[in-house]
Amino acid sequence: MFDTAIIIKSLPMLLGASVWTVIYSLTSVAIGFCIGTLICAMGLSRSGVGRAVAAFYVSFFRGVPLLVQLLISYYCLPLIGLNVPSSVAAVGTLALCTGAYLAEILRGGFLGIPPGLIEAARMVGLSRAQILTRIEVPLAVRLTLPALVNETTMMVKASSLISVVGVLELTRLAQNIATSTFQPLEIYLTAGAIYFVINGAITFLASLLERSFRVEKAA
Amino acid sequence: MSEQPIIDVRGVWKRFGTVEVLRGIDLAIRKSEVACIIGPSGSGKSTLLRCIAFLEAYSEGEIYIEGELLGYMLDGGKRIPASDSEVARVRRNVGFVFQQFNLWPHMTALENVAAPLRLARGIPREDAAGRARRMLEKVGLAHRAEAYPSQLSGGQQQRVGIARALAMEPHIMLFDEPTSALDPELVGEVLQVMRDLASEGMTMVVVTHEMGFAAQVADKVLFIDHGKIAAAGSPHEVFRRDENPRLRQFLQNYFDRNVFWQNAGEAGIG
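Protein chains in written order, with this note's numbering: chain A, 1 to 219; chain B, 1 to 270.
Don't read these hints as lab results, they were simulated from the structure.
It is possible that part of the hints are untrue.
[As the list claims (entries may be wrong)] Residues of chain B placed beyond 12 Å of chain A at every Cβ, according to the derived structure:
1. Pro40
2. Tyr64
3. His106
4. Gly130
5. Arg133
6. Asp219
[Unchecked claim] So the derived label-pair ranges between C-beta atoms look like this:
7. Val197(A) / Glu169(B): 49 to 57 Å
8. Asp84(B) / Thr179(A): 57 to 65 Å
9. His171(B) / Val197(A): 54 to 62 Å
10. Asn253(B) / Arg62(A): 22 to 30 Å
11. Arg62(A) / Asp84(B): 42 to 50 Å
None of the values given here were measured: they were computed from a predicted structure.
The C-beta atom is built at its ideal place from N, Cα and C for all residues, glycine as well.
Take these sequences, add in the hints, and give me the full structure.
So, in structure tokens, the structure goes:
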């Protein structure tokens, strides 16, 4: 029946693999945030080409399943002569995909910034890049924090998909242990619990961040 | 009075689509002059000020800031829009104070003043903070340096806005209805800062509904109506002149408030 010994025995390995899960998912969110900011800025720009590129980008990465995107990058990159480790290709794909979602989230934040704040920045001589990084992005993040946190937890879970392209992370290792021990229930329950704890920690840290932002608002 | 105007507006038109907001404005402001722009809402007075700051691109005419064409470049006799950095260069000595303050809500009062010094002028962090502190002192807010904008009253926020503009050491200060968003009891503190600034010789263009301020502080009052300067002159001339029926009607609204009479009386007007 339910075997707790196997859980205790495999827990250190699973925790070790979960470090990779955290690294892969947070790295892809960090890169995806930069991509999302750029795509979002293009989408809101005056340039018709920029807006078209941004629209196509978002519709592609939102319209194609992440799993298919991962398989495409896994099989296509070598074909075009790009021999990158599969972990790098997988993180890149995750970043591109979450970038599309983050762009859409940030768009609402950017549009919520009073134009006068940008005018004030222009009048004291800030460059366009400085306005983006010092004024617009910090304010957009504050306006969209709950949705950004939501997207981050989604990415922690979505990172389990990269197991199919042979990248070792929590789900992949759980699969390996499950097939070799024939005790999948215990192993997958443990893996699930670890995902739950990771996302719980992210949500907790985000709530601290939100509280620090509230200082700026409190009268 | 110096020879060349510090702000020179020549035949400026501004159109939003088919709507003509400014219809041929000529205006010259000399160094250390204080000009107040008055007029009914929708007359184009804020648009004029925003054109002088190039927050709006004007459609026709020329605006020169300290002798340099603002917002456009001449390319073999043809006028082409100037780049962002060129616009920034020409208006580097122009400070702007907004009706809605427009402080950055994620920065403290001090950071609001210090950040542009660091970012736009490359001043080291410590020096920028020191200068920002002196500017806040100047507007009487040194004790609120660590407060966020949301923790400040409207009058305090506007004074931080003025400090932020002053920290860049501008030669010209533009004020767009700086007291219109304030509760009446907070107007005085902002006007006092502006008075001090005027007495220090700052060149100022102020779009305002504060007739008392205009009467007391302005060297020149401009009445704008339907996108044109309908009357201009010293406060004494403009406030006493009544041949322009639109100006008479406009001023009548203020005569009806005894606040104006008190202030105008002090200034020897009326």
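Evaluation of the provided hints:
At roughly 23 Å from the closest C-beta of chain A, the C-beta of Pro40(B) stays outside 12 Å, upholding its exclusion from the interface. Interface exclusion of Tyr64(B) from chain A stands, the closest Cβ pair being 18 Å apart, more than 12 Å. Annotated as non-interface, His106(B) brings its C-beta within 12 Å of a C-beta of chain A; the closest such distance is 5 Å. Here Gly130(B) stays apart from chain A, with its beta-carbon at least about 18 Å from theirs, past the 12 Å limit.
Distance check on Arg133(B): its Cβ is at least 17 Å (rounded) from any Cβ of chain A, clearing the 12 Å threshold; non-interface status holds. Once the 12 Å rule is applied to beta carbons, Asp219(B) is consistent with being away from chain A; the minimum gap is 24 Å. Hint check: Val197(A) to Glu169(B), Cβ distance near 54 Å, so the stated range 49 to 57 Å holds. In this structure the hint that Asp84(B) and Thr179(A) lie 57 to 65 Å apart at CB holds, the actual value being about 60 Å.
Range check, His171(B) to Val197(A): about 60 Å between beta-carbon atoms, so the 54 to 62 Å window is met. Hint check: Asn253(B) to Arg62(A), Cβ distance near 55 Å, so the stated range 22 to 30 Å is violated. Checked against the hint of 42 to 50 Å, the pair Arg62(A) and Asp84(B) fails, with Cβ atoms roughly 32 Å apart.
Hints 3, 10, 11 from the earlier list are contradicted by this structure; the remaining hints agree with it.
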